[in-house]
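Trainee: Listed here are the chains, written in short residue letters.
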Amino acid sequence: METIKLVYPVEGGDLIEAGEASSQMKLTLKKLGLPQDVIRRASICMYEGEINMVIHADGGEATVEVDMDQIVIRMTDHGPGIPDVEQAMKEGFSTAGPAARELGFGAGMGLPNMKRYSDELHVETQLGKGTTVTVRIRIPQ
Amino acid sequence: MRLSQIKDILDATVLWGEEHLDLEVLSACGSDFMSDVLAFVKNQALLLTGLVNPQVVRTADMVDMKCIIFVRGKVPGADILALAQTRGIVVMTSPKRMYEACGLLYTNGLRGNCDGDN
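Just so you know, the protein sequences line up as chains A and B, in that order. According to this note's numbering, the stretch in the first sequence is residues 17 to 157, in order. According to this note's numbering, the stretch in the second sequence is residues -18 to 99, in order.
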């Protein structure tokens, strides 16, 4: 299989509609015939990332690269950046506001869940410039 | 446990997916925190929640849940039901409170089997 590259813009501002990019990616991964477990792990990572981008950064862009061995999801925003990544990785730590909490998010599980379901998680962040979160999910052969 | 049994145990009303009540679920999760739900991954699972918004359906879809039951008699709007329909997720509403609904299903044999607890 050649590397397939998918690009999904993530609209900012509308938390109620957030998740559409993740749904689209999930459908595409299903069409590619990948194992259910792999699709689910990728979908959860993408969805948490998408929600984070909408809550904290007024949207951004997700690129997904799929080949025989792995799925790499790279989520980039131009938001405020993460002041303390180590703290953000702790379950239960959240800076999300009431609007996110009303929808069932902001429990401080976003990045921890992305770590839980990926084989590799990488966070690059610069205060005032933005954040790129990259997750790698291996496809068992 | 079949969805039809769950419907009876919880005195629930089916809002979408009456024709899928013979589906079987093997575990359940009760939460109003969607990230907690995402931390819970099991095949053929059921979600009980008191939260009513489209993200409940999107969350359930991400983890391949078969059915969502809104507790305390909450009834989602047409937009939420339409979204569930596109994802093939059965939707019910039960007059039971969350604690009671979870307890009834648990004592009838439907366990959590939650990976997140491991």
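None of these hints come from the bench; they were simulated from the model. Virtual Cβ for every residue (Gly too), placed ideally from N, Cα, C. Treat the hints with care, since some could be wrong.
What the hints assert, rightly or not - DSBU-like, lysine-lysine: derived pairs with alpha carbons at most 35 Å apart:
#: 1; chain 1: A; residue 1: 145; chain 2: A; residue 2: 131
#: 2; chain 1: A; residue 1: 21; chain 2: A; residue 2: 47
#: 3; chain 1: A; residue 1: 21; chain 2: A; residue 2: 131
#: 4; chain 1: A; residue 1: 46; chain 2: B; residue 2: 23
#: 5; chain 1: A; residue 1: 46; chain 2: A; residue 2: 106
#: 6; chain 1: B; residue 1: 23; chain 2: B; residue 2: 47
#: 7; chain 1: A; residue 1: 106; chain 2: B; residue 2: 47
#: 8; chain 1: B; residue 1: 55; chain 2: A; residue 2: 131
#: 9; chain 1: B; residue 1: 55; chain 2: B; residue 2: 23
#: 10; chain 1: B; residue 1: -12; chain 2: B; residue 2: 23
#: 11; chain 1: A; residue 1: 131; chain 2: A; residue 2: 46
#: 12; chain 1: A; residue 1: 21; chain 2: B; residue 2: 47
#: 13; chain 1: A; residue 1: 106; chain 2: A; residue 2: 145
#: 14; chain 1: B; residue 1: 55; chain 2: A; residue 2: 145
#: 15; chain 1: B; residue 1: -12; chain 2: B; residue 2: 55
#: 16; chain 1: A; residue 1: 106; chain 2: B; residue 2: 55
#: 17; chain 1: B; residue 1: 23; chain 2: A; residue 2: 131
#: 18; chain 1: B; residue 1: 23; chain 2: A; residue 2: 47
#: 19; chain 1: A; residue 1: 21; chain 2: B; residue 2: -12
#: 20; chain 1: B; residue 1: 47; chain 2: A; residue 2: 145
#: 21; chain 1: A; residue 1: 131; chain 2: A; residue 2: 47
#: 22; chain 1: A; residue 1: 21; chain 2: A; residue 2: 46
#: 23; chain 1: A; residue 1: 145; chain 2: A; residue 2: 21
#: 24; chain 1: A; residue 1: 47; chain 2: B; residue 2: 47
#: 25; chain 1: A; residue 1: 106; chain 2: A; residue 2: 21
#: 26; chain 1: A; residue 1: 47; chain 2: B; residue 2: -12
#: 27; chain 1: B; residue 1: 55; chain 2: A; residue 2: 46
#: 28; chain 1: B; residue 1: -12; chain 2: A; residue 2: 145
#: 29; chain 1: B; residue 1: 23; chain 2: A; residue 2: 21
#: 30; chain 1: B; residue 1: -12; chain 2: B; residue 2: 47
Unchecked claim - Simulated restraints, written as ranges between beta carbons of each label pair:
#: 31; chain 1: B; residue 1: 59; chain 2: A; residue 2: 40; range: 14 to 24 Å
#: 32; chain 1: A; residue 1: 94; chain 2: B; residue 2: 62; range: 30 to 40 Å
#: 33; chain 1: B; residue 1: 58; chain 2: A; residue 2: 136; range: 34 to 44 Å
#: 34; chain 1: B; residue 1: 58; chain 2: A; residue 2: 114; range: 47 to 57 Å
Trainee: For the pair we were handed, residue 23 of chain B and residue 21 of chain A, check the Cα-Cα distance against 35 Å.
Mentor: With a Cα-Cα distance of about 29 Å, the restraint between residue 23 of chain B and residue 21 of chain A holds, given a limit of 35 Å.
Trainee: Would you check the hint for residue 55 of chain B and residue 131 of chain A, treating anything up to 35 Å between C-alpha atoms as holding?
Mentor: 33 Å, holds
Trainee: Sort out whether residue 46 of chain A lies within 35 Å of residue 55 of chain B, counting only the CA atoms.
Mentor: Between residue 55 of chain B and residue 46 of chain A the Cα gap is close to 32 Å, so the pair holds against 35 Å.
Trainee: Within a Cα-Cα threshold of 35 Å, do residue 21 of chain A and residue -12 of chain B meet the stated pairing?
Mentor: The given pair, whose Cα atoms are some 43 Å apart, is violated under the 35 Å limit.
Trainee: Need the status of pair residue 106 of chain A, residue 55 of chain B: alpha-carbon distance at most 35 Å?
Mentor: Answer holds: residue 106 of chain A to residue 55 of chain B is near 33 Å, not above 35 Å.
Trainee: For a C-alpha distance cap of 35 Å, please report whether residue 106 of chain A and residue 21 of chain A respect it.
Mentor: Distance of about 31 Å is within 35 Å: holds.
Trainee: Between residue 106 of chain A and residue 47 of chain B, is the straight-line Cα distance small enough, at 35 Å or below?
Mentor: 30 Å, holds
Trainee: Straight-line Cα separation of residue 145 of chain A and residue 131 of chain A no greater than 35 Å?
Mentor: Satisfied, since the Cα-Cα distance of roughly 23 Å is no more than 35 Å.
Trainee: Between residue 46 of chain A and residue 106 of chain A, does the CA-CA distance stay at or below 35 Å?
Mentor: 31 Å, holds
Trainee: Return holds or violated for the Cβ distance of residue 58 of chain B and residue 136 of chain A against the range 34 to 44 Å.
Mentor: 40 Å, holds
Trainee: Mind checking the alpha carbons of residue 47 of chain A and residue 47 of chain B for me, to see if they're no more than 35 Å apart?
Mentor: 20 Å, holds
Trainee: Hint says 14 to 24 Å; check whether the CB-CB distance for residue 59 of chain B and residue 40 of chain A agrees.
Mentor: The hint (14 to 24 Å, Cβ to Cβ) holds, given that residue 59 of chain B and residue 40 of chain A are roughly 22 Å apart.
Consistency with the previously given hints fails for numbers 14, 19, 20, 28 and 34, ordered from lowest to highest.
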